[in-house]
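All chains should be modelled from the sequences, with the hints used to inform the complete structure.
Protein sequence lines, in the order shown, are assigned to chains R and B.
Just so you know, numbering that gives the first Met the number 0 puts 60 at position 61 of the first sequence, and the rest follows in order with no gaps.
Just so you know, numbering that gives the first Met the number 0 puts 40 at position 41 of the second sequence, and the rest follows in order with no gaps.
Be a bit skeptical, because a hint or two may be false.
What the hints assert, rightly or not - Covered stretches of chain B (in silico footprint by chain R; criterion: 3 or more residues with CB under 8 Å from a CB of chain R, positions within the stretch not fixed):
| no. | region |
| --- | --- |
| 1 | 131-141 |
| 2 | 161-175 |
| 3 | 242-248 |
Just so you know, these hints were derived from the structure itself, not from any lab.
The beta carbon of each residue, even a glycine, is placed where N, CA and C say it ideally should be.
For reference, the chains in residue letters:
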Amino acid sequence: MKIMVAQHGGQAAGINLNRPPQVIDSAALDESKAAELKGLVAAATSAPSSAKSTGKARDEMSYTITIQDQGRETALSQSDTTMSADFAKLLAWLQRCPKN
Amino acid sequence: MFTNRCRCINCITPPHILNKLLENSDGRIRDAALRTLLVTSRLRGERTVRGLIASTAAASPQGLRTISDCANNTSLPAATIGRTEDGSASTDDSVNRAFDGLGETRDFYKEIFDRDSLDGHGIRLNGYVHYGASFNNAFWNGSEMIFGDGDGVLFTDFTKSLNVMAHELTHGVTEFTAGLEYHDQSGALNESISDVFGCLVEQWVRKQTSDQADWLIGAEVFTPDIGGDALRSMKNPGKAYNNPTLGRDPQPDHMSKYVSMPDTDEGDNGGVHINSGIPNKAFFLTSIGIGGFAWEAPGQIWYAALQASTSTTNFQEFADTTYLKAGQLYGSQGTEQQAVLSAWKEVGIRISGVRSLAGTTARMRRPVAAAAANNGRDEDPADVARKIEQLTGQLATLSKEVANLKSKPH
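Here is the structure:
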C-alpha cells in the first residue's frame, strides 16, 4: 500500500504549492507499523467527515490523502475545520512518519 | 516619491488663493472656490473630531479575550482555558503571546479606527494555541483564531509573529465589513487586507514609519535552519524566500504576472495567497509615497475603501475606491490621492476614468456644499468664508477644552 499526502492553502500556501506530496510505502515499514497504518486507513475511509464547511474559514489548510492499494486508488480530501476524528488520526500518523 | 510637505493643507490650491478667488467677478469661479473651501473645512473638521473621539476612548471593556490550550489536539471544545481578560499571566509563553497579540490588535482598531473589536460591537476574542501536532499554520475558523506550534523543522510557533495574529483577526473585520468572497480576486483582496492591517498593527506597536518597517509577513515563523525571510513580503512580493526546501516565493508584484489558478482547494481558491502580492505592493508603495506612519493616511484610506467594498469587489474596483476615498478624506489631487494613483499604476492598475471619478466626487460634494452655502438665502461668498474661519476657530477652542477635560484626573 502506498499513500500520498498533499496539503493545500493556509498561511504557507505559496510554500505548499511548491512542495511535492509526502509518500509513504507500507512495504518499507515494519510489520506492526504497517498493520497500524492499515487500521487507520480503514477507519478514515469508512467514516467520512460529517461536518460541512461554513465557507467562513480563512487560511485553513486542506489535505488530500491518496491511497493506492492492490490496483485501487482512493482519495480522501478534508480540511482543518471539517475533518473527521479518524481522518485527523490518520493525517497525524502520516505526518509523524519518517519521510521515505 | 511623494514627501510630507504641506501636510496641513490637504488640497492642491492653498486657502489664501481660494480666499482671493472668492472676490473674483466671475460667479462660477466664486462658487468653485467656495465649494472647495467648504469641503476642505468640513473634512478637516471631521478628521479633528474623529481623532479626538478615538483618543478619548480608552481600551474597550468589550472584546474580552480568552486564550485556550489545545494541548496538541484538534478539538476546540476539549481545550482548557489558559488565560482570560482579568486573569493572571500564564506560565506558557504561547498563551501570553496570543493574549498580547489579540489585545494589541484590538487596541489598534479601537484607537486608530474607533472600532470596538472585530464586529464594531465588542465581540469576544477567542484564541487557541498548541493546536494539533506539529501544525504548520494559523487560521481563522469563522469565529475564532487558531495557532499551531509548527513542526520544528520548517516552522516554529505561529504566535511568535504579531502580524500573523493580527492577520487572522483582520479576517474577522473583513467578514463583518465587506465580506469579501474567498476566491479569485475578491479572495486575494481579502488576504491582502489581512496582510495590510497585520503589518499596520505591528508597525503601530513598534512605532515604525513606513521606511523603517520591514513589511514582512510572518518573519518569525521559520525555524533558524530555514533560509527564508518570511511567508510573504509586501515590499517585494515574490522575493520572501527562494531555496531548495521552500521553493521560490510565487507572489506576483504586477498585474502582468497575475497567476491564474483554479478555484479549488488545490488551486488556493484561485490563488488568494498568491495574487494578494499585487494589492500588497500597492499599499506599500502608497505608504512610501505618502511617508510617515502607514496607519495614518494610507491606513485610513484602505480602511474606508474596505468599508465601501462589497463581497465581489475586484482589484480594479478596490483601486478606484481607494482613489476616491483618498480624495474625499485628504483632498482631491492632494499628495495622498496622487500617491494612491501612482502606486496602483506601478502594479499595473490604472484608476479607471479618473476624470469621471473626479466628476463623481464633485457631484457627491456639490449638494452638501450648495446646501450649506445657500441655506435658502443668497449670501456673499466672502461672508461665508469668514464664517468658516470663525467656525474653525471655535472648533479649535472646543478641541482644547476636550483635551483639558481628558487631562484632568477622574
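Hint-by-hint comparison with the structure:
no. : hint    : verdict
1   : 131-141 : holds (count 10)
2   : 161-175 : holds (count 5)
3   : 242-248 : holds (count 4)
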